[in-house]
Amino acid sequence: MAELRVPKLNNNDTEYLLVEWLAADGARVAEDDAVVLVETSKAAEELTAGASGVLRHRLRPGLWCHPDDVIASIEQAAEASGPEPASPVTAQPDMAGDSAPLVTAPAQALIDELGIDPERVRALGVPVVRRADVERLAAAPAAAGATPDAASGETPAAGRAEHPISRVQRAVARSVELSHQTIPAAYAVVRMDLGPAIEHARATTREIRRPVGYAEVFVQAVAGLHERFPLFFATVDGTRALLSEAPHIGVTVDVGEGLYVPVVHDAANRTTKDIATTLMKHRLAAATGEFKESDLSGANFVVTLHTEHGVVLAIPFVFPGTVCALAVAGPRDGTLADIGLAYDHRLINGRDAALFLNALKDVVERLT
Amino acid sequence: MRVAENLNAALAALLAREPNLYVLGEDVVDPYGGAFKITRGLSTDFPDRVLSTPISENAITGVAAGLALSGDLAIVEIMFGDFAALAFDQLFNFASKSVSMYGSRLPMRMVVRCPVGGGRGYGPTHSQSPQKHFVGIPGLALYELSPFHDNLAVFEEMFAREEPCVFFEDKVLYTRQMGAVEPPFSVETSGGVARVSLDGPPDCVIIAPGGVAHRALAAMRSLLVEEEITCTLLVPSRLYPFDQPDVFDVDVRAARRVFVVEESTAGGTWGAEVAHLLHRRHWGRLALPVTLIHSLGGVIPTAAHLERAALVNESTIHSTIREALRG
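The listed protein sequences correspond, in order, to chains A and B. Everything in the first sequence is counted per the numbering used here, starting at 1 for the first residue and increasing by one. Everything in the second sequence is counted per the numbering used here, starting at 369 for the first residue and increasing by one.
Honestly, the hints are just simulated from the structure, not real lab data. Careful, some of the hints might be misleading.
[As the list claims (entries may be wrong)] In silico BS3-like pairs for lysine-lysine, Cα to Cα no more than 30 Å straight-line:
#1 K42(A) <-> K8(A)
#2 K361(A) <-> K273(A)
#3 K292(A) <-> K273(A)
#4 K281(A) <-> K361(A)
#5 K42(A) <-> K465(B)
#6 K465(B) <-> K8(A)
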């Protein structure tokens, strides 16, 4: 057996840093092969094996060695009688070739929380498993792979044009899925005369020099009902409803870059001008996607706008964590508009919804 | 193949191909083969053109400029890039000017190689990244060693410019493998820029030259795993002139958030030049100002723990990007 000793490399240093092994522990090396890199105070130096055989490391990288230290041994072929040391090394590429996906920490947390079978995660066939993928898995029926559709032999995506779903829309999809799974929603509509509100909005726009429209009017009107109708701003938590201290009104904004629901926090304590300014900022942010996290969180009531020309009925989904979604459609009969309320039927019944909508009608129609 | 081997092979191929190429430097001949072994074997094969010189960076670079001036090619090895300051006058006042100050363009085919960077406890005068001090000199091009760019092609490009070039080589790269990135990331190289990315649109773009690219890669991985933040890494081979925004356009437009990483100490850096160019081009659509990530603005300490705290590293990159994107 030969030994690899550290030579004296210069007169400045009494010790050198073992930077890295260039040949693996157990590798077969030839006499002239560079097997290790050591560093002096000024330069890196590769040391050759000095003998042929199987290399055995005696020191790990990152440690210091001194001239004449033995840092490896080289076993001649006859001595290396044990199991072929190369085998554990060859096992590694196999594992890599299996290409298990990289699972992000948020995704792993959700997998653990929901107890999802690792096989299903692997079957996603994506190189990176993100939390959204796991949510998608959780939303899909567990036996999705065995549904009649899949069994009918239709290979998904083969030869079909694909339209990638944007990040924003994927988030919307998750909310919709969760809403439909968890919230039994009902719907009620009341016809309101928006004439006074439109007139009021025009006058206010001139007065405060900020655009005031349906969104501003309804955010303010709904917020004003918070005290009388606390359940409409609550969150359902099992058998309880958690009330909220103040109305935080989410408003749907879609300027073509995807649906966002930014929030006007504590809307009851804000002036029309303040609400108009906030919503204007939100619309600008929606155009560029530059929301702050706080802009988009904390809504306990959502106003959805469906004022595009020609829409006569829109039934919004109830956003998870809220109880109501108000659908504001534009007037289609002069000034008469059908204003609808989707509500979580676990907490709110038809009568309550009608009371709420009529109270709202009262407020909107009395605007001067 | 390790980066050092790739570089050594590139120099050998160039010496074999160009009969009037000279390699000059302190202790570059065998058996020493240079402080980092990059020139090992070259003087044995080309004894009259690989020459060890006295310890004078000014003189070596001057000789190289003289060779280039008379039509030869020259590669200079500065043992530690910190000492390129001693060759600054030759580069700044002579070699770069010679390209254009004699009435017609004069090819100056010379490359000054500078091992740079810290992380090895070499202390204040052997650990610096002096790239920023050479930025903006007319007629002087700057390149940086990278595991994603084949060195023979890079040297061919530098000589084809026919103007003096400085080639910065982060010492910590020498022992790394060429090219590879770990899945799920993949790498492609075109137009002098290597692009490491995932499928799908990124949350941000990181521009990091060779010496810090692997630190950026490590941060990209931890950002993906811990935060689900997706980054695209762009590794330019040429630092200056940085007229490569075309190559970067698609990624910058898509991500709208750009980070420039470099090991230089803070203040007047290459990254500031990049940020300026990107701001001029993309100001209206950027979601954030281009963010610079570099080492602290101080002398680089020798003690390992202090050096770690001073130099840009994976966690600096991770936390800067995380804070900018998530607040």
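Cross-check of the supplied hints:
About 14 Å separates the Cα atoms of K42(A) and K8(A), which keeps this hinted pair within 30 Å; it holds. With a C-alpha separation of about 22 Å, the suggested pair K361(A) and K273(A) falls inside the 30 Å cut-off, and the hint holds. Restraint check: the Cα-Cα separation between K292(A) and K273(A) comes to about 21 Å, which is no more than 30 Å; the hinted pair holds. A distance of roughly 28 Å separates the Cα atoms of K281(A) and K361(A); the hinted pair therefore holds under the 30 Å criterion.
Taking the CA atoms of K42(A) and K465(B), the gap is about 33 Å. The hint is violated against a cut of 30 Å. A C-alpha spacing of about 45 Å is found between K465(B) and K8(A), which places the hinted pair above 30 Å, so the restraint is violated.
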